[in-house]
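There are 2 protein chains.
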Amino acid sequence: MKNSENYPLPDVAALLDSALAIKIQNQLDNKTKPIGSLGRLENLAFRIGLILGTEKPELLQPQMIICAADHGLAAEGISAYPGDVTWQMVENFLAGGAAVSVLSKQNNIALNVVDCGVRHDFATRPGLFIRKVAKGTANALHGPAMSNEDCQHALINGMNIVRELPGNAILIGEMGIGNSSSAAMLLSRLTDNDISSCTGSGTGVFGNDLKKKTEILEKVLEKHKDATEPLGSLAALGGLEIATLVGAVIQAASERRVIVVDGFIASSAILVASKMRPSVLDYCIFSHRSDEKGHSLMLNEMGAEPILDLKLRLGEGSGAALAWPLLMSACAILREMASFDTAGVSRDDDNQ
Amino acid sequence: MKNSENYPLPDVAALLDSALAIKIQNQLDNKTKPIGSLGRLENLAFRIGLILGTEKPELLQPQMIICAADHGLAAEGISAYPGDVTWQMVENFLAGGAAVSVLSKQNNIALNVVDCGVRHDFATRPGLFIRKVAKGTANALHGPAMSNEDCQHALINGMNIVRELPGNAILIGEMGIGNSSSAAMLLSRLTDNDISSCTGSGTGVFGNDLKKKTEILEKVLEKHKDATEPLGSLAALGGLEIATLVGAVIQAASERRVIVVDGFIASSAILVASKMRPSVLDYCIFSHRSDEKGHSLMLNEMGAEPILDLKLRLGEGSGAALAWPLLMSACAILREMASFDTAGVSRDDDNQ
Numbered sequence: 001m002k003n004s005e006n007y008p009l010p011d012v013a014a015l016l017d018s019a020l021a022i023k024i025q026n027q028l029d030n031k032t033k034p035i036g037s038l039g040r041l042e043n044l045a046f047r048i049g050l051i052l053g054t055e056k057p058e059l060l061q062p063q064m065i066i067c068a069a070d071h072g073l074a075a076e077g078i079s080a081y082p083g084d085v086t087w088q089m090v091e092n093f094l095a096g097g098a099a100v101s102v103l104s105k106q107n108n109i110a111l112n113v114v115d116c117g118v119r120h121d122f123a124t125r126p127g128l129f130i131r132k133v134a135k136g137t138a139n140a141l142h143g144p145a146m147s148n149e150d151c152q153h154a155l156i157n158g159m160n161i162v163r164e165l166p167g168n169a170i171l172i173g174e175m176g177i178g179n180s181s182s183a184a185m186l187l188s189r190l191t192d193n194d195i196s197s198c199t200g201s202g203t204g205v206f207g208n209d210l211k212k213k214t215e216i217l218e219k220v221l222e223k224h225k226d227a228t229e230p231l232g233s234l235a236a237l238g239g240l241e242i243a244t245l246v247g248a249v250i251q252a253a254s255e256r257r258v259i260v261v262d263g264f265i266a267s268s269a270i271l272v273a274s275k276m277r278p279s280v281l282d283y284c285i286f287s288h289r290s291d292e293k294g295h296s297l298m299l300n301e302m303g304a305e306p307i308l309d310l311k312l313r314l315g316e317g318s319g320a321a322l323a324w325p326l327l328m329s330a331c332a333i334l335r336e337m338a339s340f341d342t343a344g345v346s347r348d349d350d351n352q
Numbered sequence: 001m002k003n004s005e006n007y008p009l010p011d012v013a014a015l016l017d018s019a020l021a022i023k024i025q026n027q028l029d030n031k032t033k034p035i036g037s038l039g040r041l042e043n044l045a046f047r048i049g050l051i052l053g054t055e056k057p058e059l060l061q062p063q064m065i066i067c068a069a070d071h072g073l074a075a076e077g078i079s080a081y082p083g084d085v086t087w088q089m090v091e092n093f094l095a096g097g098a099a100v101s102v103l104s105k106q107n108n109i110a111l112n113v114v115d116c117g118v119r120h121d122f123a124t125r126p127g128l129f130i131r132k133v134a135k136g137t138a139n140a141l142h143g144p145a146m147s148n149e150d151c152q153h154a155l156i157n158g159m160n161i162v163r164e165l166p167g168n169a170i171l172i173g174e175m176g177i178g179n180s181s182s183a184a185m186l187l188s189r190l191t192d193n194d195i196s197s198c199t200g201s202g203t204g205v206f207g208n209d210l211k212k213k214t215e216i217l218e219k220v221l222e223k224h225k226d227a228t229e230p231l232g233s234l235a236a237l238g239g240l241e242i243a244t245l246v247g248a249v250i251q252a253a254s255e256r257r258v259i260v261v262d263g264f265i266a267s268s269a270i271l272v273a274s275k276m277r278p279s280v281l282d283y284c285i286f287s288h289r290s291d292e293k294g295h296s297l298m299l300n301e302m303g304a305e306p307i308l309d310l311k312l313r314l315g316e317g318s319g320a321a322l323a324w325p326l327l328m329s330a331c332a333i334l335r336e337m338a339s340f341d342t343a344g345v346s347r348d349d350d351n352q
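Top to bottom, those sequences are chains A and B.
Residues 1 to 352, numbered by the numbering used here, are exactly what the first sequence covers, in order.
Residues 1 to 352, numbered by the numbering used here, are exactly what the second sequence covers, in order.
Isolated chain A, as found in the complex (with noise of 0.2 Å):
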C-alpha cells in the first residue's frame, strides 16, 4: 500500500497541444463579440477543447456515475441522517425522485448508480451497477476502513465502469451517510490543514454536534497518523464510493474524457486522485463551490474555480447536472457562433 504504483493505474496524460489551443483562442477571438466579452464561458469552451482535443468540440452520451456506499464511523453520530438513508436514496435516485434523477432527465444526462459498498441488496435493474466491495467500510476509528486490497478492488472498478460506458463526458455524484467525515479527513491528511478547517456540517451537523464530529475525526486522524500517502489515506479514512470514484476519474482522465466534479465529497475523489496522476485536474470541471465548509479550502488547493456558487449542499451529482446546460452552452458558441468575417460586422479596429 506504501507504493501506489502497484495499481495498475493508466497514464494520464497533461494537456499541452499549443497549436491547437492557439487555434481554439483564435476562433473564440474572431467571434461576433467583444474580445473575451463571454468571459469564464469563454474559459469553458477553451478547456474542453483542449480536452476533446478539437476546436469544434461536442459532448457525447455524458454519464452520471453515482458512487453510493456506507460508513463504519457513522456509528459514532458524525450524520444528522440514519445511515439506512444511504440504500433508501439509492432506491430514490433509481425510482427518479431524486434532485439528481430530475437534473439528469432535464439535461438528458444518463444515470448510473453504483452500490460500491451499501449496507443491503439491491435488486438488479437497469442503471445500477452492483459493484459491492464490503458492506460498507469498517469503522476508522478502530482500524483502517478499508483494507488495502478492498481499497484496490474499489479503484479497479471505477475504472472498469467508466471503460463500460459511452460518451465522452463523466459527471461525478456520490451517496453514503457519513462521507462528508471521510472527504475532511481526506482534506485535512492530503493538504496538511487543521482538521477543524476542513469540517463542516455535511447534511445537517450544527453546533455540539459538529464540535463532537470534528473531535472523533481528529482521533480518527490520530489514530492512522502513518497512513499519509494518497492511496493509504484513503483505505485508512474511507470511503469505498470515493475510491470507487478515484479509478473512474483517472480512467476518464486517461481516456480524455471530461470530467464534471460536483461538492465535497466528489473534490475529495479529484484530490485523491490528483496526489497520484496531476494532470487529471487538466480534464476536470468543477461545477459548483458548495456551501459546507471545506470546499473552498478544496477547490483553493487543487486551484480550481467553479462554475457556479448556488450555496448547494446536496452533494449526490446535483450541481454537476445543473451545470451541465453551461458546458453544452460553452461548445455551441465554439461551433456555432458566427465570425466577424462571415457575418460581415464590423470590428472596433474599423472604427479608428
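Among these hints, one or two may not hold up.
Identical chains blur together in the list; that is why a pair holds if it fits in one copy or across any two.
Unchecked claim - Each computed DSSO-like pair below joins lysine-lysine, with the alpha-carbon atoms no more than 30 Å apart:
id: 1; residue 1: 293; residue 2: 275
id: 2; residue 1: 219; residue 2: 135
id: 3; residue 1: 212; residue 2: 293
id: 4; residue 1: 293; residue 2: 135
id: 5; residue 1: 56; residue 2: 293
id: 6; residue 1: 211; residue 2: 311
id: 7; residue 1: 311; residue 2: 56
id: 8; residue 1: 311; residue 2: 23
id: 9; residue 1: 223; residue 2: 293
id: 10; residue 1: 23; residue 2: 105
id: 11; residue 1: 135; residue 2: 223
id: 12; residue 1: 311; residue 2: 105
id: 13; residue 1: 293; residue 2: 211
id: 14; residue 1: 56; residue 2: 223
id: 15; residue 1: 212; residue 2: 311
id: 16; residue 1: 293; residue 2: 311
id: 17; residue 1: 105; residue 2: 219
id: 18; residue 1: 311; residue 2: 225
It should be emphasised that the hints constitute simulated quantities derived from the structure, not laboratory data.
Once you have looked at the hints, place chain B on chain A.
What follows is chain B alone, placed relative to chain A:
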C-alpha cells in the same frame, strides 16, 4: 412628461400570496434532501412558483426579446465600435450567428428581435418586429435623446409586443452601440450615484477613452439636470431600446410573467420600470452579475442577487439565455422531486 401617470401603464400587483408561499415552502422542505440543501435553486423555485401562482410551476414558450436601437450620442466617440454594428448585429441575431442566437436555440427559447430605432432599413422577416420610433435617438449632449412623444411611443410598442407573444416568461436583451452610456446615466440620475462609479468600459473603452466617456456623460447629465423623474430621465438620456424594454417588462409583470433580466443595460430598463411600478422587481430573475462596472451597484440599488457570475460583458440577452436552464431546473425540482413520504426515505429526525 413630468407625470408618468399620463402613460397608460398597467398596474403591477405585488406578490403577496402568503397561503401559496407557505404551500411552496412546505413542498420544498418535504423533498428528499436536507432542508435548504439546494441553496439558491430553492429560492428560485419559490420565486417562480409565486409569480406563476402555483406550487407546480412550469415555464412555457419562453420569449427572448432583444430590443435594438441607435444612439445619437455615439457620435461623441463613447463606444469602441462603429454605429453600423447595431444593424449588423440585428442581421446576425436573425441569421443565427450571435451568441444569443446560439444559446436561445440550445435552450428552446424563441428569439424576437425588435427594431426600436435602428438607423437602417430592414427587410421584414419572421422573428423581426419593426417598431422603429425614429432612426436612432438625437445626440443627448445637445438636447433630449428623444421627445416625450417618442418615449411614450416606444413604451407602448414594448407593451404591445409582450401582449402579442405567447408563454409565461420573457427574457430581455438589447443591442445598441452607445447604450452602456444611457444605462450609466440612468443609474446615476435615478439613484444619486456619481457618474464615475456608474460608467464602465462597455464593449471596450479603456484608459483615457473611458475618462473621456465619463466626462461626456457628466456633461450630458448636467445638460439635463432638470430631468429627474423616471420617464423624463429616460427621454432625456435615451435610448429607444431601453424605453421599449421598460414598456415590455411592465406589461409582462402585469400579466404575471417571469422576467429574466440580462446584464447592465437590460437591468437599467428594470431600474426605470421599478421607479414607476416598484412591484415589477417581484417578477424579475436577474440572470447574472456583469463584468461591466456599474452593474453590481445597479443590482444593489434594486436589492437583486443574480444567479450567475461568469464575468460576461456582452449583453444582447446572452446571460439571460445562459441562466435559463437553471430556471427550468428550479421548476423541475418543485414539480418532479419525491417527498420523504412518497419515496420511503428516512428523515434526519428519525435518527433521534
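Outcome of the hint check:
1. 293 x 275: Only inside one copy: residue 293 and residue 275 sit 22 Å apart there, 40 Å across copies, limit 30 Å.
2. 219 x 135: within (24 Å within a copy, 74 Å between copies)
3. 212 x 293: Only inside one copy: residue 212 and residue 293 sit 16 Å apart there, 46 Å across copies, limit 30 Å.
4. 293 x 135: within (29 Å within a copy, 55 Å between copies)
5. 56 x 293: neither (38 Å within a copy, 32 Å between copies)
6. 211 x 311: Within. Shortest intra-copy distance 22 Å satisfies the 30 Å Cα cut-off; inter-copy 38 Å does not.
7. 311 x 56: Between copies only: 23 Å across chains, 33 Å inside a chain, cut-off 30 Å.
8. 311 x 23: Answer is between; shortest inter-copy Cα gap is 23 Å, intra-copy 36 Å.
9. 223 x 293: within (23 Å within a copy, 52 Å between copies)
10. 23 x 105: between (34 Å within a copy, 25 Å between copies)
11. 135 x 223: Answer is within; shortest intra-copy Cα gap is 22 Å, inter-copy 77 Å.
12. 311 x 105: both (22 Å within a copy, 29 Å between copies)
13. 293 x 211: within (13 Å within a copy, 42 Å between copies)
14. 56 x 223: So residue 56 and residue 223 fail the 30 Å test inside a copy (51 Å) and across (50 Å) alike.
15. 212 x 311: within (24 Å within a copy, 41 Å between copies)
16. 293 x 311: both (11 Å within a copy, 25 Å between copies)
17. 105 x 219: Neither: 42 Å inside a chain and 55 Å across chains, both beyond 30 Å.
18. 311 x 225: Neither: 33 Å inside a copy, 43 Å across copies.
The structure fails hints 5, 14, 17, 18 (numbered hints given earlier, in ascending order).
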